[in-house]
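Student: Sequence:
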Amino acid sequence: MSYDLAVVGAGFSAIAVTINALLKLPPSGRVAVVGDDPGFGRGAAYRTEFYVHRLNVPAARMSVFADRPDDFLDWLKQKGRDLPGDDFASRNDYGLYLRDRLADLLRDRSHRAKVDFIKAKAMACVEMYPGAVVFHLNNTDMLAAKNVVLCLGVGNARLPLSVAALSPIAKSRIVENPWRLAWLKGVGAHDRVLRGSQNTRALHVDWIVNSTGMERAGIGHSPLLEEMRRLGLVQQDPLGLGIVVDHRSRIIKANGTVDDRIYAVGALTASRFWEITAVPDIRRQAAEVAGEIAARFST
Numbered sequence: 014m015s016y017d018l019a020v021v022g023a024g025f026s027a028i029a030v031t032i033n034a035l036l037k038l039p040p041s042g043r044v045a046v047v048g049d050d051p052g053f054g055r056g057a058a059y060r061t062e063f064y065v066h067r068l069n070v071p072a073a074r075m076s077v078f079a080d081r082p083d084d085f086l087d088w089l090k091q092k093g094r095d096l097p098g099d100d101f102a103s104r105n106d107y108g109l110y111l112r113d114r115l116a117d118l119l120r121d122r123s124h125r126a127k128v129d130f131i132k133a134k135a136m137a138c139v140e141m142y143p144g145a146v147v148f149h150l151n152n153t154d155m156l157a158a159k160n161v162v163l164c165l166g167v168g169n170a171r172l173p174l175s176v177a178a179l180s181p182i183a184k185s186r187i188v189e190n191p192w193r194l195a196w197l198k199g200v201g202a203h204d205r206v207l208r209g210s211q212n213t214r215a216l217h218v219d220w221i222v223n224s225t226g227m228e229r230a231g232i233g234h235s236p237l238l239e240e241m242r243r244l245g246l247v248q249q250d251p252l253g254l255g256i257v258v259d260h261r262s263r264i265i266k267a268n269g270t271v272d273d274r275i276y277a278v279g280a281l282t283a284s285r286f287w288e289i290t291a292v293p294d295i296r297r298q299a300a301e302v303a304g305e306i307a308a309r310f311s312t
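Using the working numbering, you'd call the opening residue of the sequence shown number 14 and step up by one each time.
It is possible that some hints are incorrect.
As the list claims (entries may be wrong) - Straight line, CA to CA, 25 Å or less: simulated DSS-like cross-link-like pairs of lysine-lysine:
id : residue 1 : residue 2
1  : K266      : K134
2  : K198      : K184
3  : K37       : K127
4  : K184      : K37
5  : K159      : K134
6  : K159      : K127
7  : K159      : K266
8  : K159      : K132
Don't read these hints as lab results, they were simulated from the structure. It should be emphasised that the depicted structure is a prediction, and the values quoted were computed from it without experimental measurement.
Build the full structure now, drawing on both the sequences and the hints.
Tutor: Set out below in structure tokens:
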């Protein structure tokens, strides 16, 4: 399989790049989106099923389109969920909004690039001729792309304990992903809840819920990035925040040279841009990167 662009990831950064690629690439373009997340584009942040989980950015700033700032508000109104611009919409609604906007573009097949969604994880890659990167996927397939955008984001931080050493009963009471609601059904009205105490030596609780927040977007969480580092295709920044990129989000290799075929978008670029976790920042970055790649079709 050979493509003009491979988007590696399945969270907001990936859907923002894909949407912008559909807007900017010619109909002859071919795009592959590679990710194994069950809800493409929603990631951990927007696939929650609990309606009280709200966005932490006002609705007026959450449009996926940098040049159409009211688009999310318009979508909410169309769905009968009209909301003031300074209020905070539900995360689930935002995930549905992203899905709808992507679907709108995909339906326009005659005027848009072709997009293949590949449910797999990219595990390794090699540089090939002429000017292509080949990815090895965990479904045994291979994929070649002239341009690549890494949108691997971050995951949930691990619990500070050895889960493997626990008994099966204890493991069944550990909630690794609190965004899913099924675990709440098993919690009794009188189950013990840990609130914390400086004097406690041993803690006896009925449930452990992973509320440790986000992991840093370093290299260690991704087999693909680990392999790319081994090959010298990427390097981790000194603070372990992500990978080293230039001011145009292009990867800087271990030898210090810029690879103008491989970009990173989102949390992976925190070492360069710092504030790059919120939608207003990522949507702008995604548009700029997609624009650079699209410009190559006319040269």
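Student: Can the restraint linking K184 and K37 be considered satisfied, given a maximum Cα separation of 25 Å?
Tutor: 48 Å, violated
Student: Within 25 Å, alpha carbon to alpha carbon, are K37 and K127?
Tutor: Judged against 25 Å, a Cα distance of about 12 Å means the pair holds.
Student: Between K159 and K127, does the CA-CA distance stay at or below 25 Å?
Tutor: Holds - the C-alpha atoms of K127 and K159 are around 15 Å apart, at most 25 Å.
Student: Going straight from one Cα to the other, do K266 and K134 come out at no more than 25 Å?
Tutor: 22 Å, holds
Student: Is the straight-line distance between the alpha-carbon of K159 and that of K132 25 Å or less?
Tutor: Holds, because 20 Å separates the two Cα atoms, which is no more than 25 Å.
Student: Checking one constraint from the list: CA of K159 to CA of K134, max 25 Å. Satisfied?
Tutor: Given that 25 Å is the threshold and the Cα spacing comes to 19 Å, the pair holds.
Student: Would the hint linking K159 and K266 be met if the CA-CA limit is 25 Å?
Tutor: Roughly 17 Å between the alpha carbons, so the hint for K159 and K266 holds.
Student: For the pair supplied as a hint, K198 and K184, confirm whether the alpha-carbon distance does not exceed 25 Å.
Tutor: 16 Å, holds
Figure legend: structure checked against the earlier numbered hints; the only hint not met is number 4.
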